[in-house]
Amino acid sequence: MELVLFEVGKGRFAFSAIGVSKVLDILPVTPLPYAPADVEGLVNVAGAVYLKVDLAARLGMGARSADPNGNLLVVTAQKDTVVVQVDRVFNKITLESDAIKLYDEGDANALVRGEFLLPDGMVLLLNEASLGLQNMEPEGVPEGGGGLVGQLEVTNAAQAAELVSNDMPTVTVQDGGESYAFHMEDVLEIVEIRDLTVLPGAGAEVEGLMQLRGTALLVLSLSKLLKCAPTVAPKFVLVVAVHGARLGISVADMVGIERYEKDILQAITGGDSQLEGYLPGYGALEGRMTGLVALGGLVSLDDMTRLRRYLIQHGVDMATMSEKELKSVRRLLSFRLGDERCALPLALVDRVEEYGSAVNLPQGDDSLAGVVQIKGEVAPVLDMRDMLGIKGKDTSAYVVVRIQGAAWALVVDKVDRVIEIAEKDITPVRTSQNDYLTEVGRLDGELISLLSLEPLSRAA
4 MELVLFEVGK GRFAFSAIGV SKVLDILPVT PLPYAPADVE GLVNVAGAVY LKVDLAARLG
64 MGARSADPNG NLLVVTAQKD TVVVQVDRVF NKITLESDAI KLYDEGDANA LVRGEFLLPD
124 GMVLLLNEAS LGLQNMEPEG VPEGGGGLVG QLEVTNAAQA AELVSNDMPT VTVQDGGESY
184 AFHMEDVLEI VEIRDLTVLP GAGAEVEGLM QLRGTALLVL SLSKLLKCAP TVAPKFVLVV
244 AVHGARLGIS VADMVGIERY EKDILQAITG GDSQLEGYLP GYGALEGRMT GLVALGGLVS
304 LDDMTRLRRY LIQHGVDMAT MSEKELKSVR RLLSFRLGDE RCALPLALVD RVEEYGSAVN
364 LPQGDDSLAG VVQIKGEVAP VLDMRDMLGI KGKDTSAYVV VRIQGAAWAL VVDKVDRVIE
424 IAEKDITPVR TSQNDYLTEV GRLDGELISL LSLEPLSRAA
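Going by my numbering, the sequence shown runs without a break in its numbering and finishes at 463.
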């Protein structure tokens with residue numbers, strides 16, 4: 004069983020990791036009328052309003068003891084989601100079932116489920132399902148008044164389906180002094196900008212032609228397409244598929260890969276069709292909005308017709324891509340492990356995060372390098388250099404992946420770029436059962452190790 008360890012007052016407790024969806028910093032609380040003494044009020048988590056429960060009071064620990072600099076745990080109760088404040092989150096551990104002494108299983112509403120021992124003392128296992136509204140009664144309600152808050156019953160299956168349908172992976176960039184996000188499915192490849200052949204008279208948004216693996220790629224400026232003045236020279240080109248053709252979009256800098264929930268998009272109504280709407284910025288971009296690019300509006304059909312005619316007049320035709328051709332290539336995120344260039348399927352990548360020190364696990368798995376908190380979620384850390392026997396260099400990033408819904412943080416030396424490798428250029432290699440290296444790809448005369456995370460799937 005996977006457990007999340009935390010501290011409240013002088014006591015150490017644990018929730019089942021399945022029941023903890025997020026770990027957050029402290030948020031403002033809105034008081035809730037008629038709430039019982041162990042309910043603090045309501046908090047807003049990424050647009051969703053949840054009940055905040057005083058865990059110390061619910062445990063009978065007397066006066067509220069939560070550290071104002073502590074953390075919030077978002078947990079799933081029987082029919083709803085609630086938030087509890089704790090003094091400190093330690094880490095995630097895995098215990099065999101027989102290592103936990105369970106109490107009366109017949110009482111589904113009991114807060115304390117059982118106990119287990121660690122080298123530094125006893126830990127109580129709590130029942131997050133008991134924290135929901137079904138176990139709360141309003142207090143001091145005047146005659147004719149209502150209850151606490153309304154409930155919307157959703158089955159677990161429906162919740163899981165909603166999470167999948169609500170996931171929106173993006174590639175985030177900066178250009179013209181602003182940040183923008185592209186749907187990941189629209190981006191075929193990301194490359195550093197190279198020497199451009201200028202096309203006089205083609206339009207202010209046309210940067211020129213760039214050689215990419217022996218073919219000419221038409222490169223357009225993102226800032227100029229959006230009618231913004233470029234602030235710095237572009238460094239990267241996003242290779243995109245739009246209206247059946249392959250184009251390059253130049254940008255000043257790459258921010259990384261981010262996954263958003265679709266319902267937090269502030270859609271534009273009656274505005275510029277070049278943007279679908281705006282998303283909240285994260286990390287260094289927090290406090291600023293990120294524009295979500297509508298690729299079909301950024302480069303319209305009329306634009307494509309004009310550009311095609313212009314290029315044909317100059318003896319250059321834009322390569323169209325059939326569905327079969329699109330399926331015959333793999334899209335991967337490439338990175339460096341020591342002197343080795345490696346890659347993972349882009350579909351597995353949740354985001355790229357700046358490297359930070361991990362928290363060691365007491366009695367943890369020797370193959371893990373600890374745990375880290377990323378976007379409010381506790382993720383085990385796996386150093387891929389150790390797994391592949393590669394001597395590391397200057398660690399700079401985590402590549403965060405999802406395996407069966409769980410986040411893992413993979414330590415890499417340097418994140419490279421998104422690439423495409425044709426299936427015909429990929430060769431299987433002989434490996435042992437638990438090997439992470441299964442194939443080798445060829446790109447621009449270089450060999451790239453293609454990694455598999457199947458061993459993590461078996462361990463999850």
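Don't read these hints as lab results, they were simulated from the structure. Even glycine gets a Cβ: it sits at the ideal position worked out from N, Cα and C. Possibly wrong hints are sitting among the right ones.
Below 30 Å or equal to it, Euclidean Cα-Cα: the simulated DSBU-like pairs (lysine-lysine) are [what the hints assert, rightly or not]: (1) Lys25 <-> Lys13; (2) Lys25 <-> Lys394; (3) Lys378 <-> Lys230; (4) Lys417 <-> Lys427; (5) Lys378 <-> Lys394; (6) Lys417 <-> Lys394; (7) Lys13 <-> Lys378; (8) Lys265 <-> Lys227; (9) Lys378 <-> Lys25; (10) Lys265 <-> Lys378; (11) Lys394 <-> Lys265; (12) Lys378 <-> Lys427; (13) Lys25 <-> Lys265; (14) Lys227 <-> Lys238; (15) Lys378 <-> Lys417; (16) Lys378 <-> Lys238; (17) Lys417 <-> Lys238.
Quick list of simulated restraints, FRET-style, between CB atoms [to be verified]: (18) Asn72 <-> Lys417: 44 to 50 Å; (19) Tyr106 <-> Lys265: 37 to 43 Å; (20) Tyr106 <-> Pro348: 19 to 25 Å; (21) Leu98 <-> Asp428: 42 to 48 Å; (22) Leu105 <-> Ile196: 57 to 63 Å; (23) Ile267 <-> Glu195: 41 to 47 Å; (24) Gly280 <-> Asn47: 16 to 22 Å; (25) Ala236 <-> Pro348: 51 to 57 Å; (26) Leu98 <-> His246: 51 to 57 Å; (27) Ala102 <-> Pro348: 22 to 28 Å; (28) Asn112 <-> Ala244: 42 to 48 Å; (29) Ala207 <-> Lys265: 32 to 38 Å; (30) Ala51 <-> Leu98: 42 to 48 Å.
Now the hints, each set against the structure:
1. Lys25 <-> Lys13: Between Lys25 and Lys13 the Cα gap is close to 23 Å, so the pair holds against 30 Å.
2. Lys25 <-> Lys394: Roughly 34 Å between the alpha carbons, so the hint for Lys25 and Lys394 is violated.
3. Lys378 <-> Lys230: 33 Å, violated
4. Lys417 <-> Lys427: 27 Å, holds
5. Lys378 <-> Lys394: Roughly 29 Å separates the two Cα atoms, so the pair holds.
6. Lys417 <-> Lys394: 13 Å, holds
7. Lys13 <-> Lys378: Holds - the C-alpha atoms of Lys378 and Lys13 are around 27 Å apart, at most 30 Å.
8. Lys265 <-> Lys227: Holds - the C-alpha atoms of Lys227 and Lys265 are around 27 Å apart, at most 30 Å.
9. Lys378 <-> Lys25: 8 Å, holds
10. Lys265 <-> Lys378: 17 Å, holds
11. Lys394 <-> Lys265: Answer violated: Lys394 to Lys265 is near 40 Å, above 30 Å.
12. Lys378 <-> Lys427: Not OK: Lys378 and Lys427 at ~38 Å, beyond 30 Å, violated.
13. Lys25 <-> Lys265: 18 Å, holds
14. Lys227 <-> Lys238: 15 Å, holds
15. Lys378 <-> Lys417: 21 Å, holds
16. Lys378 <-> Lys238: Holds: Lys378 and Lys238 sit about 28 Å apart, inside 30 Å.
17. Lys417 <-> Lys238: 17 Å, holds
18. Asn72 <-> Lys417: 44 to 50 Å: 33 Å, violated
19. Tyr106 <-> Lys265: 37 to 43 Å: 41 Å, holds
20. Tyr106 <-> Pro348: 19 to 25 Å: 44 Å, violated
21. Leu98 <-> Asp428: 42 to 48 Å: Check passed, 45 Å falls within 42 to 48 Å.
22. Leu105 <-> Ile196: 57 to 63 Å: 60 Å, holds
23. Ile267 <-> Glu195: 41 to 47 Å: At 32 Å between Cβs, range violated.
24. Gly280 <-> Asn47: 16 to 22 Å: Since the Cβ atoms of Gly280 and Asn47 sit about 20 Å apart, the hinted range of 16 to 22 Å holds.
25. Ala236 <-> Pro348: 51 to 57 Å: 32 Å, violated
26. Leu98 <-> His246: 51 to 57 Å: 55 Å, holds
27. Ala102 <-> Pro348: 22 to 28 Å: 36 Å, violated
28. Asn112 <-> Ala244: 42 to 48 Å: 54 Å, violated
29. Ala207 <-> Lys265: 32 to 38 Å: Hint holds: Cβ distance 34 Å, inside 32 to 38 Å.
30. Ala51 <-> Leu98: 42 to 48 Å: Once the Cβ atoms are compared, 31 Å apart, the range 42 to 48 Å for Leu98 and Ala51 is violated.
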